[in-house]
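Chemist: Below, each chain spelled out in residue letters.
Protein chains: 6
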Amino acid sequence: MTEPDQTPGLSHYRADGAARMVDVSAKDVTTRQATATGVLRTRADVVDRIATGELPKGEAIATARIAGIMGAKRTSDLVPLCHPLPISGVEIDVVPAGEVVEITATVRTTGRTGVEMEALTAVTVAGLTLYDMIKAVDKAAVLTDVQVVAKSGGKSGDWSRTTTGAGA
Amino acid sequence: MTEPDQTPGLSHYRADGAARMVDVSAKDVTTRQATATGVLRTRADVVDRIATGELPKGEAIATARIAGIMGAKRTSDLVPLCHPLPISGVEIDVVPAGEVVEITATVRTTGRTGVEMEALTAVTVAGLTLYDMIKAVDKAAVLTDVQVVAKSGGKSGDWSRTTTGAGA
Amino acid sequence: MTEPDQTPGLSHYRADGAARMVDVSAKDVTTRQATATGVLRTRADVVDRIATGELPKGEAIATARIAGIMGAKRTSDLVPLCHPLPISGVEIDVVPAGEVVEITATVRTTGRTGVEMEALTAVTVAGLTLYDMIKAVDKAAVLTDVQVVAKSGGKSGDWSRTTTGAGA
Amino acid sequence: MTEPDQTPGLSHYRADGAARMVDVSAKDVTTRQATATGVLRTRADVVDRIATGELPKGEAIATARIAGIMGAKRTSDLVPLCHPLPISGVEIDVVPAGEVVEITATVRTTGRTGVEMEALTAVTVAGLTLYDMIKAVDKAAVLTDVQVVAKSGGKSGDWSRTTTGAGA
Amino acid sequence: MTEPDQTPGLSHYRADGAARMVDVSAKDVTTRQATATGVLRTRADVVDRIATGELPKGEAIATARIAGIMGAKRTSDLVPLCHPLPISGVEIDVVPAGEVVEITATVRTTGRTGVEMEALTAVTVAGLTLYDMIKAVDKAAVLTDVQVVAKSGGKSGDWSRTTTGAGA
Amino acid sequence: MTEPDQTPGLSHYRADGAARMVDVSAKDVTTRQATATGVLRTRADVVDRIATGELPKGEAIATARIAGIMGAKRTSDLVPLCHPLPISGVEIDVVPAGEVVEITATVRTTGRTGVEMEALTAVTVAGLTLYDMIKAVDKAAVLTDVQVVAKSGGKSGDWSRTTTGAGA
Chain V
100 MTEPDQTPGL
110 SHYRADGAAR
120 MVDVSAKDVT
130 TRQATATGVL
140 RTRADVVDRI
150 ATGELPKGEA
160 IATARIAGIM
170 GAKRTSDLVP
180 LCHPLPISGV
190 EIDVVPAGEV
200 VEITATVRTT
210 GRTGVEMEAL
220 TAVTVAGLTL
230 YDMIKAVDKA
240 AVLTDVQVVA
250 KSGGKSGDWS
260 RTTTGAGA
Chain F
100 MTEPDQTPGL
110 SHYRADGAAR
120 MVDVSAKDVT
130 TRQATATGVL
140 RTRADVVDRI
150 ATGELPKGEA
160 IATARIAGIM
170 GAKRTSDLVP
180 LCHPLPISGV
190 EIDVVPAGEV
200 VEITATVRTT
210 GRTGVEMEAL
220 TAVTVAGLTL
230 YDMIKAVDKA
240 AVLTDVQVVA
250 KSGGKSGDWS
260 RTTTGAGA
Chain R
100 MTEPDQTPGL
110 SHYRADGAAR
120 MVDVSAKDVT
130 TRQATATGVL
140 RTRADVVDRI
150 ATGELPKGEA
160 IATARIAGIM
170 GAKRTSDLVP
180 LCHPLPISGV
190 EIDVVPAGEV
200 VEITATVRTT
210 GRTGVEMEAL
220 TAVTVAGLTL
230 YDMIKAVDKA
240 AVLTDVQVVA
250 KSGGKSGDWS
260 RTTTGAGA
Chain X
100 MTEPDQTPGL
110 SHYRADGAAR
120 MVDVSAKDVT
130 TRQATATGVL
140 RTRADVVDRI
150 ATGELPKGEA
160 IATARIAGIM
170 GAKRTSDLVP
180 LCHPLPISGV
190 EIDVVPAGEV
200 VEITATVRTT
210 GRTGVEMEAL
220 TAVTVAGLTL
230 YDMIKAVDKA
240 AVLTDVQVVA
250 KSGGKSGDWS
260 RTTTGAGA
Chain S
100 MTEPDQTPGL
110 SHYRADGAAR
120 MVDVSAKDVT
130 TRQATATGVL
140 RTRADVVDRI
150 ATGELPKGEA
160 IATARIAGIM
170 GAKRTSDLVP
180 LCHPLPISGV
190 EIDVVPAGEV
200 VEITATVRTT
210 GRTGVEMEAL
220 TAVTVAGLTL
230 YDMIKAVDKA
240 AVLTDVQVVA
250 KSGGKSGDWS
260 RTTTGAGA
Chain U
100 MTEPDQTPGL
110 SHYRADGAAR
120 MVDVSAKDVT
130 TRQATATGVL
140 RTRADVVDRI
150 ATGELPKGEA
160 IATARIAGIM
170 GAKRTSDLVP
180 LCHPLPISGV
190 EIDVVPAGEV
200 VEITATVRTT
210 GRTGVEMEAL
220 TAVTVAGLTL
230 YDMIKAVDKA
240 AVLTDVQVVA
250 KSGGKSGDWS
260 RTTTGAGA
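Protein chains in written order, with this note's numbering: chain V, 100 to 267; chain F, 100 to 267; chain R, 100 to 267; chain X, 100 to 267; chain S, 100 to 267; chain U, 100 to 267.
Worth double-checking, as some hints may not be accurate.
Pairs count within a copy or across copies, as identical chains cannot be separated in the list.
Straight-line alpha carbon distances no greater than 30 angstroms define the calculated BS3-like cross-link-like pairs of lysine-lysine that follow [unchecked claim]:
hint : residue 1 : residue 2
1    : LYS254    : LYS126
2    : LYS234    : LYS126
3    : LYS254    : LYS234
Calculated directly from the structure, the hints in this document are not laboratory data.
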């Protein structure tokens with residue numbers, strides 16, 4: 100379990116409970132960055148095929164990476180109350196490691212709100228893309244531990260996940 | 100770890116390793132269904148706010164559900180090698196339970212390929228939508244255990260996850 | 100006010116009130132057609148400019164028509180509980196008439212559900228496109244009387260609006 | 100009928116009549132807001148079902164609201180000559196009232212053009228979503244009186260519809 | 100110049116010149132395939148970098164291929180009068196060859212219309228993606244000779260381009 | 100062949116060859132413009148039909164123009180490593196000329212990166228739209244010579260293609 104913070108409520112909802120896209124007009128335009136991670140858990144032999152075995156050109160990893168980058172750009176189309184943001188940079192690492200593939204996405208913008216959702220969307224779309232590739236050989240794969248690990252910029256300042264976070 | 104199966108390779112790739120959208124023209128058009136689940140892990144007080152506290156109209160859960168249904172329809176736009184499919188039905192449950200919110204999506208089609216990816220996409224987009232709502236009050240939330248739990252229809256027949264799956 | 104019919108409930112919602120995309124797997128694949136209409140109300144001098152005055156190539160009407168056709172194809176992206184449908188034909192008429200521009204869209208599919216929503220979306224997107232063109236010269240324009248006027252195909256059979264409909 | 104204003108032409112078209120997306124590079128970046136309204140006209144018993152009757156969680160209204168918010172973000176994808184805009188806030192009210200459901204959308208941006216089209220698109224997509232829910236029980240519903248009621252920001256200054264507008 | 104054929108008119112337009120999406124309801128659902136090609140012309144040193152030089156993982160080619168596959172799925176969103184089609188397979192080759200990169204896309208469907216436009220869209224989006232990668236090192240690159248080279252299925256039967264086509 | 104320039108590498112890729120969306124946060128926001136051209140090559144009788152013959156309202160050219168403008172707005176959805184940009188203006192010329200139709204697109208933005216890709220996408224989508232219209236009467240049409248002809252704004256300054264470019 101994680102530590103409570105001071106924020107009193109869910110700003111995506113009005114006092115009457117109705118969903119809204121929060122007005123951010125008054126927020127400063129600053130450079131903001133967020134990093135999210137996630138893990139696709141499967142079998143070692145499947146990870147091996149993704150990493151080196153039968154895919155000489157490495158297109159499995161490239162496909163996941165491209166899908167994640169494109170997914171980041173679609174965030175506000177997918178998440179109803181997200182603001183559209185001018186994403187200024189995305190990097191995604193897709194790293195095979197034993198029985199898992201680790202996915203890390205860092206997104207940067209110069210805008211009025213943070214890019215946590217964009218980083219999380221990049222990770223999940225990259226993860227779903229890997230899932231799609233391997234589901235014929237492992238129906239039991241799991242996409243797991245999708246979380247923000249660091250953010251910077253904006254009024255709330257820098258933040259990074261402590262080592263004993265909720266998803267550990 | 101999960102059990103290996105007999106499928107020899109990753110059909111999304113050619114012998115030379117290049118990504119492709121596999122030709123499914125010769126597959127039968129049958130009714131197919133898949134169910135996926137996932138969990139958003141946060142704090143009990145946050146789950147409480149989502150479920151009943153300050154949201155009299157229940158729009159947090161409704162927003163996640165609607166986002167998941169719309170996400171299912173965008174699957175082939177997001178996952179590069181997925182076939183576009185005429186989705187014929189989607190149901191999503193978003194159930195607050197202590198420190199977590201459990202998400203279950205069932206998707207049905209009458210088509211040439213299964214709808215596992217559509218069910219997984221529905222779960223992840225619903226989960227990201229919840230994440231977006233609560234990130235101001237819990238930066239450390241985690242979307243986890245996203246997995247297919249059952250599928251039916253198609254040549255490979257019915258399947259359901261055993262109770263000791265990889266993501267448990 | 101219109102006549103009540105016999106249908107007992109709103110099928111887009113479950114007994115517990117949750118939204119869903121209704122399962123249409125068991126419905127027949129038949130050819131279905133729907134026609135919708137709508138009216139953009141402005142000033143006669145504005146309609147005149149749209150129709151003939153300063154636009155020798157007629158691109159205002161063509162732009163609205165193209166937008167409507169493309170809008171019809173986006174219906175299931177916009178309306179959350181709509182099924183994606185393989186639209187097989189669209190025709191749109193955009194007819195200047197005094198102080199109004201009349202819009203009529205007919206959409207056809209061979210599928211499991213009707214295309215009323217596609218016809219309505221075509222009309223509204225065409226109407227919004229006209230609104231966009233003229234808003235600099237008439238802030239007070241109104242898009243009005245958007246309604247289905249006829250449908251055919253499917254189990255419920257043919258239907259057409261009586262002359263004294265609700266929106267008259 | 101509404102009052103003519105001084106603007107001489109339709110700026111979306113060149114002197115030769117060709118459609119274009121008007122260059123707004125030289126316009127100031129300011130905070131701009133627009134409010135649009137519309138009405139879905141059906142039967143009192145249908146409105147009653149939407150509002151309270153069989154939908155305990157209120158997901159019909161929430162679904163329309165979410166669809167409207169997401170629709171606002173798709174405006175420049177739908178309306179050919181609209182500029183893409185960084186929407187900074189959206190609020191939508193969906194209010195059952197006798198035989199009608201009243202829809203009001205307010206959209207805000209900090210950009211180079213106004214957000215009337217975004218507000219109108221939010222209203223129409225919310226209205227189409229309601230139409231979709233009830234079309235099985237009222238084929239004769241009408242989406243009507245879709246119009247801008249107020250705008251502020253930008254060079255042309257504040258404006259609000261007089262009580263005897265064209266759509267009244 | 101190519102040989103005239105017997106088709107009397109442009110079916111995308113009515114007798115009055117208005118654009119429409121042609122009704123294909125009466126056409127047979129058959130398996131259809133189309134292959135299109137195109138060429139990105141740049142400098143040999145740039146092609147070399149794409150192919151082998153500084154890109155050990157080959158992600159430039161993979162990126163173009165993935166973009167092309169995803170582009171094929173967006174065809175009916177981009178080309179106004181195209182019918183949405185259930186694409187059943189896509190293969191794309193991206194082959195560096197001296198001063199050019201050759202792109203070939205083959206698309207298959209089981210539907211009521213052909214997939215020439217999907218194959219052409221796949222080629223152009225893959226080509227634009229390559230262009231984007233190299234524009235910093237070669238502003239003068241050209242995407243050229245984009246054309247259908249073969250199609251099969253449907254009433255009009257098989258066709259392939261003769262060696263002395265218009266674009267040679 | 101074109102002249103080599105000084106840029107040492109392909110910035111869309113990291114040292115390890117992985118694709119990324121380059122971070123442009125540090126670049127200046129300036130007004131930038133790019134013009135691209137392309138040619139659809141067909142037969143003179145087909146061009147004649149497009150231009151005047153059977154299409155009194157000129158909707159073939161208008162349809163291509165509208166598709167190109169809308170395509171420009173979709174660039175970052177189609178080209179994986181493109182940054183989303185607030186396009187501030189688009190003009191497209193579609194000019195029948197003998198056996199060809201010449202397409203020219205000029206796009207303007209106030210942003211952190213150039214709009215060459217947006218101009219190229221506008222040209223190709225307009226070209227594909229024309230191709231779609233005429234493919235029933237000329238299977239052998241070719242979309243060719245798609246290239247940037249001029250750009251201005253940004254750090255690299257103004258540039259225009261010399262008369263003996265690679266695609267001539």
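Chemist: Using 30 angstroms as the alpha-carbon threshold, which applies to LYS234 and LYS126: within, between, both, or neither?
Modeler: between (43 angstroms within a copy, 17 angstroms between copies)
Chemist: Please sort LYS254 with LYS234 into within, between, both or neither, judging by C-alpha distance up to 30 angstroms.
Modeler: Close across copies (15 angstroms), not inside one copy (42 angstroms); limit 30 angstroms.
Chemist: Regarding LYS254 and LYS126, is the shortest C-alpha distance of 30 angstroms or less found within a copy, between copies, in both, or in neither?
Modeler: Cα proximity of LYS254 and LYS126: in one copy and across copies (8 angstroms, 22 angstroms).
Consistency note: the structure conflicts with none of the earlier hints.
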